[in-house]
Amino acid sequence: QTTGNTIISSSGSALENQEQNQLPAPALPLKSNIIQISPENNNNSPARRLVVNIYQQLQQQQHRMVREDDGDEEKKQEQHERSIDLLRHMTKGTQERSMFCNTDALWGYTRQKFFERAVLVDSSFEKLHPKQQEENENILLEEKSKRTLAWNRLCNVKKICSVGCGPGNDVVGVVAFLEQLREEHSDSSVTANQTCLLDSAVLMDWVMAEWDNIVNPLKSVLVPKYIRTMETCVADITDPLFQSNKNREAQGIILSENRRGNTLYHERRKTAQNTLDVSLNETESGTPSPHQESPFDLFLFSYILSEQRGLWHAFMKDLVHVAKQGALFYFSEPTPWQQHVLCKTFQEVMDFVWLDSSMDFPLLQPLDNRVGPGVLLGMKR
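Residue numbers (our numbering): 24 to 404.
If you are wondering where the hints come from, they were derived from the structure by calculation, not from laboratory data.
Since no wrong hints were added, every one of them can be taken at face value.
Cβ-Cβ distance ranges computed for the label pairs, FRET-style:
hint, residue 1, residue 2, range
1, 156, 386, 12 to 22 Å
2, 83, 257, 20 to 30 Å
3, 333, 257, 20 to 30 Å
4, 266, 387, 35 to 45 Å
5, 235, 266, 20 to 30 Å
Here are the simulated SDA-like pairs of lysine to any residue, each with C-alpha atoms no more than 25 Å apart in a straight line:
hint, residue 1, residue 2
6, 150, 164
7, 403, 171
8, 150, 404
Ideal Cβ placement from N, Cα and C applies to all residues, glycine included.
Modelling step: build the complete structure from the supplied sequences, incorporating the hints.
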């Protein structure tokens, strides 16, 4: 694990070998553990250019911190080897906290996964663009209505939360998507200099202290240019959200406004936590009372349901319970088997839209095979 309006994000074995072939098509090539970027690359969209730009700034931050030379191939090879070992354990669900204490492994992981997963978020959301829907005459009316509703909600996302956030790639994917939207409407009342793309972003992970080595430099790139406020906290999706001391900080954040450094934010967060404590004591279920609602617009989970297979159900039930009506949930996985479990679990309270290779083929959606990763968008009713 790591993940107005808010978004959350997270990260799952036919996995690693398969994942290497799951770059969003057309994908920028990876050479060893280094992203090779040139202006002539395929699909040089504004969103991809922004992801590249943010990633390069993040690399520059890293070089300044560790005084690493770009030509130090030995250092990069060490990062690559350590990250491969970490990824192998993550795909099996056998990772331990000690594995995340090695900064080389985290930077190596970032080199390999940051770009492709950020682009996956953007390219998945772009599939809902009205122009693409107009070109498809075979969509059932009910499905078209769901896609239109999902698109409208995505365009108005202001608060996001990434659960199992890792190095923060999903948040960057959302920023890239919204920036491309803004460029498309640059001749309208919304201009690049008027406002941040997001009011707030919260990044959560069970080893957040370790990932802060990457996320803090990323924050200096994103705030305040693209995001007004950005903060991190510990969250473990293998424990219930509202019955676990491990997730105590996450409880308060999910039920409060995200305004770090703002007196009103701290007051609301304290009030939310006090109310939560009372609610937990008064209800047998250990979940907040129905009137408590999270302000986040979008929650992000990448490659984490499969990674924590069989262990995420209690956390997700608590989160969906407090999510506001219309809240969006993004799930990407190497294969969709855990997403199918998710759909069955929440079919009474959520609508779902597949944003992967099965998107326009309803007969293929129940299957566990995809061309590329499985991508699912949920909307709370």
